[in-house]
Each structure stands twice: as C-alpha cells, then as structure tokens.
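K.L.:
Given the coordinates of chain G, work out where chain C should sit on it, guided by the hints.
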Amino acid sequence: AQKVTQTQTSISVVEKTTVTMDCVYETRDSSYFLFWYKQTASGEIVFLIRQDSYKKENATVGHYSLNFQKPKSSIGLIITATQIEDSAVYFCAMRPNMGYKLTFGTGTSLLVDP
Amino acid sequence: GALVYQYPRRTICKSGTSMRMECQAVGFQATSVAWYRQSPQKTFELIALSTVNSAIKYEQNFTQEKFPISHPNLSFSSMTVLNAYLEDRGLYLCGARDLRTSGNTLYFGEGSRLIVV
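For the record, the sequence lines run as chains G and C. Anchor point for the first sequence: position 28 equals 28 in our numbering, and the numbering is continuous, going up by one each time. Anchor point for the second sequence: position 5 equals 5 in our numbering, and the numbering is continuous, going up by one each time.
This is chain G alone, in the form it adopts within the complex (with noise of 0.2 Å):
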C-alpha cells in the first residue's frame, strides 16, 4: 500500500519569496507518478505538476519545480516568487505506474502576505 506524507500543516511566508513545502511517499512499486495539486478556497482542485519516477530530472513548470530524491522518497515542491494568489491548500500525491489509485497526503496550508 502506499503512503504519502505532509509533515507542514501550514506555512507563512511573505510575498515574492521563495517556499518549499515537503512531501515524502512510501511505495514498493519499482516505477510510479508524483503529483502536486493545489485546492483553491473554492474547493477546486489544480494539478500544478507531475514527476515520473524514472526520470532524474526535476520537473519544473513556471514558478513551481521539484526536488526529487528518489533514495530519501522524498518529492519536495518549490514555489519561487511566491504570489498571494498563491495561497492555497498543497497536496501531494502518488500513484503506481501499473495501479489506478490516487493517493493523497493530508496537505499543507500556504499564506501569501503582502
């Protein structure tokens, strides 16, 4: 079975700054999907970001990039100059390449300051 954990329930940070956000997993599949979502006030939820086990590379999108350390199982997420529209609930997620299963960690709160 796996597991997906977010330690951070919630971070504060000033606008235009840089935050990290952690996320470690658990799995026994050789080959699997990481993903980041952010979930809006609204309740929408928003991939922002996927890493495939495979690849070495970190994935970047925009503003958002991974930290991927395959040996630790640890799928960091790094918003660099951050937006108050930033602000939002992050979570991570993983899913086995040969399995359907989305699993969810428990999210971390981001606040964006002026």
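If you are wondering where the hints come from, they were derived from the structure by calculation, not from laboratory data. Errors might be hidden in some of the hints.
Once the Cα atoms are required to be at most 30 Å apart in a straight line, the calculated DSS-like pairs of lysine-lysine come out as [unchecked claim]:
| # | chain 1 | residue 1 | chain 2 | residue 2 |
| --- | --- | --- | --- | --- |
| 1 | G | Lys55 | C | Lys66 |
| 2 | C | Lys66 | G | Lys101 |
| 3 | G | Lys70 | C | Lys42 |
| 4 | G | Lys3 | C | Lys14 |
| 5 | G | Lys72 | G | Lys3 |
| 6 | G | Lys101 | G | Lys55 |
| 7 | C | Lys66 | C | Lys14 |
| 8 | C | Lys42 | G | Lys3 |
| 9 | C | Lys42 | G | Lys101 |
P.N.:
Structure of chain C alone, referenced to chain G:
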C-alpha cells in the same frame, strides 16, 4: 488544456434524500474517471474508478447500490449519492484522464459539495 467541469457545485439535501452530480471533460477524452470524496477533515477517499468499456470498480466501503455511477461516453460521467446521511457529507471530486494517450495525470473538476441536513 484539459478541463473538467462538475455540477452542481453545492447541494443541501435533507437526510434520506439523494443527490446527483455530473462531470464533464473538455479538451480531452475521459477514458477513465475516478470519483473521490474529500471529508470535512480534508482527507481523500477513492469511491470508484470507471473506465469506458470496463466494469466500474468500487473501493471497499463504497457500493454501487449507494453510489451508482454512469459513464456513457468519453466526455461525461455522473454519480448519485442515494439516501444521503450525515456521514456522506463532503466534497465529491471527479478526476479524469485519457488512458489512450498515456495520460498519467488526473485532472479534477471543482467538486460538488454535499451538505446533509
């Protein structure tokens, strides 16, 4: 880009009544649709996975009798919560992906919030 629309966004229903929610994929073909429930405590539970031309697979603690799902084509799915009670409240999320193009990312809609009174 891939978009998933869900409606209604919010429903208040009396205990024992039912709520139907719909999920529409735009810009891609939803060969696989997963229905999740997010509890008031923010944890996610997978209810069922529906793949076109395959039987719907329900997770433990969820049944077709309680959560019937329809997935008639590659852009639409619906789920009903029958005889809703307090323990059924939460945010119901539809996630869709296109298996045929090796779509490994699940795209979610805005969710349908069920409030039971």
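K.L.:
Give a verdict on every hint.
P.N.:
Against the structure, the hints:
Note on lysine 55 of chain G and lysine 66 of chain C: the hinted pairing is violated, with a Cα-Cα distance of about 41 Å set against a maximum of 30 Å. A C-alpha spacing of about 20 Å is found between lysine 66 of chain C and lysine 101 of chain G, which places the hinted pair at or below 30 Å, so the restraint holds. A C-alpha spacing of about 27 Å is found between lysine 70 of chain G and lysine 42 of chain C, which places the hinted pair at or below 30 Å, so the restraint holds. For a cut-off of 30 Å, the pair hint linking lysine 3 of chain G to lysine 14 of chain C is broken: about 35 Å separates their Cα positions.
Taking the CA atoms of lysine 72 of chain G and lysine 3 of chain G, the gap is about 14 Å. The hint holds against a cut of 30 Å. Of the supplied pair hints, the one linking lysine 101 of chain G and lysine 55 of chain G holds, its CA atoms being roughly 21 Å apart against a limit of 30 Å. Using a Cα cut-off of 30 Å, the hinted pair lysine 66 of chain C and lysine 14 of chain C holds, with the two alpha carbons roughly 16 Å apart. Simply put, lysine 42 of chain C and lysine 3 of chain G have alpha-carbon atoms about 16 Å apart, close enough for the 30 Å limit, and the pair holds.
Only pairs whose Cα atoms come within 30 Å are accepted, and lysine 42 of chain C paired with lysine 101 of chain G is accepted, the gap being roughly 17 Å.
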